[in-house]
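Residue numbers (the UniProt record's numbering), protein chains in the order written: chain A, 1 to 186; chain B, 1 to 186.
Don't read these hints as lab results, they were simulated from the structure. Wrong hints could be hidden among the right ones.
A pair holds if it fits inside one copy or across any two, identical chains being indistinguishable in the list.
The list that follows gives simulated cross-link-like pairs (lysine to any residue, SDA-like), each with its CA atoms no further than 20 Å apart [what the hints assert, rightly or not]:
{"#": "1", "residue 1": "53", "residue 2": "116"}
{"#": "2", "residue 1": "172", "residue 2": "78"}
{"#": "3", "residue 1": "53", "residue 2": "91"}
{"#": "4", "residue 1": "172", "residue 2": "142"}
{"#": "5", "residue 1": "53", "residue 2": "169"}
Take a look at the letters that make up each chain.
Protein chains: 2
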Amino acid sequence: MPPLTTLPIHFGPHLITSQIFHLTPLTYALVNLKPLLPGHVLICPRRVVPRLKNLTAAETSDLFLTVQRVSRMIERVYSASALNVAVQDGRAAGQSVPHVHCHVIPRSMGDMDARGGGDRVYEMLEGEEGDLGSALRAREGRGVAKPDAERVARSEEEMREEAEWLAAEMAKEEGESEGEGKAEGA
Amino acid sequence: MPPLTTLPIHFGPHLITSQIFHLTPLTYALVNLKPLLPGHVLICPRRVVPRLKNLTAAETSDLFLTVQRVSRMIERVYSASALNVAVQDGRAAGQSVPHVHCHVIPRSMGDMDARGGGDRVYEMLEGEEGDLGSALRAREGRGVAKPDAERVARSEEEMREEAEWLAAEMAKEEGESEGEGKAEGA
């Protein structure tokens with residue numbers, strides 16, 4: 001399966017084209033360099049702005065309709081029973097890349113028991129394990145990742161394969177959705 | 001100022017009419033019985049359904065456009081610099097009332113330093129301090145609140161006053177928004 005897009009797509013200052021698995025005219029979804037749990041993905045507006053309040057109504061609406069569609073697919077393919085959906089909207093809320101991004105994390109009962117309990121997923125999101133900016137800069141040779149951030153960084157190849165798989169799964173989802181826009185390249 | 005609405009409005013099984021500070025045809029916003037931080041509010045679809053995937057596209061769009069408008073107001077009136085926006089979508093993600101609700105929590109740098117650091121806000125959200133269902137049931141005399149949940153429960157009068165104040169502040173916001181719908185009673 002060919003890549004979903006060859007357009008240069010940025011997450012803040014970072015080029016993440018090969019991580020993209022879904023595109024709409026205003027929104028994209030990418031697989032994560034360091035997922036906190038398997039299936040942890042991010043949904044972003046295509047326009048690089050830091051805060052939810054910077055989005056137009058059309059961008060806000062499309063972003064969360066995409067979150068809804070992506071969530072449905074992620075819950076299905078990762079056999080989850082629930083999802084954490086979270087935006088760290090600004091630095092004081094834990095945002096590390098100044099580009100609006102909505103975390104979607106599939107959850108199952110007891111999935112975090114071995115790692116300190118369910119609320120640990122949020123702690124990780126705000127802690128070093130969830131520091132997207134640090135990990136992305138390290139990959140690009142700009143700065144050194146913190147040990148925790150480095151630990152679970154994945155290869156380009158692994159992320160590309162997951163993105164291609166999820167793009168195919170999104171295409172299956174499209175037929176069942178409420179019908180607000182088609183995925184490009186699906 | 002009169003109450004925003006006298007319609008019976010439910011959050012899951014709980015009657016919370018006096019806590020409402022904003023209404024659209026598909027969405028409402030309410031002040032919290034036990035805010036984790038001052039200004040912590042909830043935005044819900046008017047239709048009582050447990051999961052994001054149960055919402056129509058119109059409901060999803062209106063819910064998050066309302067989150068955006070309410071967030072802008074909350075950030076302004078609580079002099080915050082950021083916001084946590086989170087949906088615990090299903091029980092395994094920490095949801096305690098089976099009615100979709102989006103938390104909006106205003107944040108400032110260092111606001112959680114005395115309570116264990118910034119990520120503690122998420123830990124509280126999933127822990128007993130954030131157990132909305134337990135606190136609401138206790139208020140209604142159906143079951144006993146856990147000590148932690150009881151600790152910060154507020155009076156009807158306090159919540160009604162805050163709801164009236166925030167309703168007035170939302171009315172100021174409407175003129176500046178992207179213009180998708182007017183607040184009822186504003």
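Consistency of the hints with the structure:
no., hint, in the structure
1, 53 to 116, "neither (34 Å within a copy, 28 Å between copies)"
2, 172 to 78, "within (15 Å within a copy, 44 Å between copies)"
3, 53 to 91, "within (14 Å within a copy, 29 Å between copies)"
4, 172 to 142, "neither (38 Å within a copy, 44 Å between copies)"
5, 53 to 169, "between (31 Å within a copy, 17 Å between copies)"
Hints 1 and 4, counting from the list given before, are not met by this structure.
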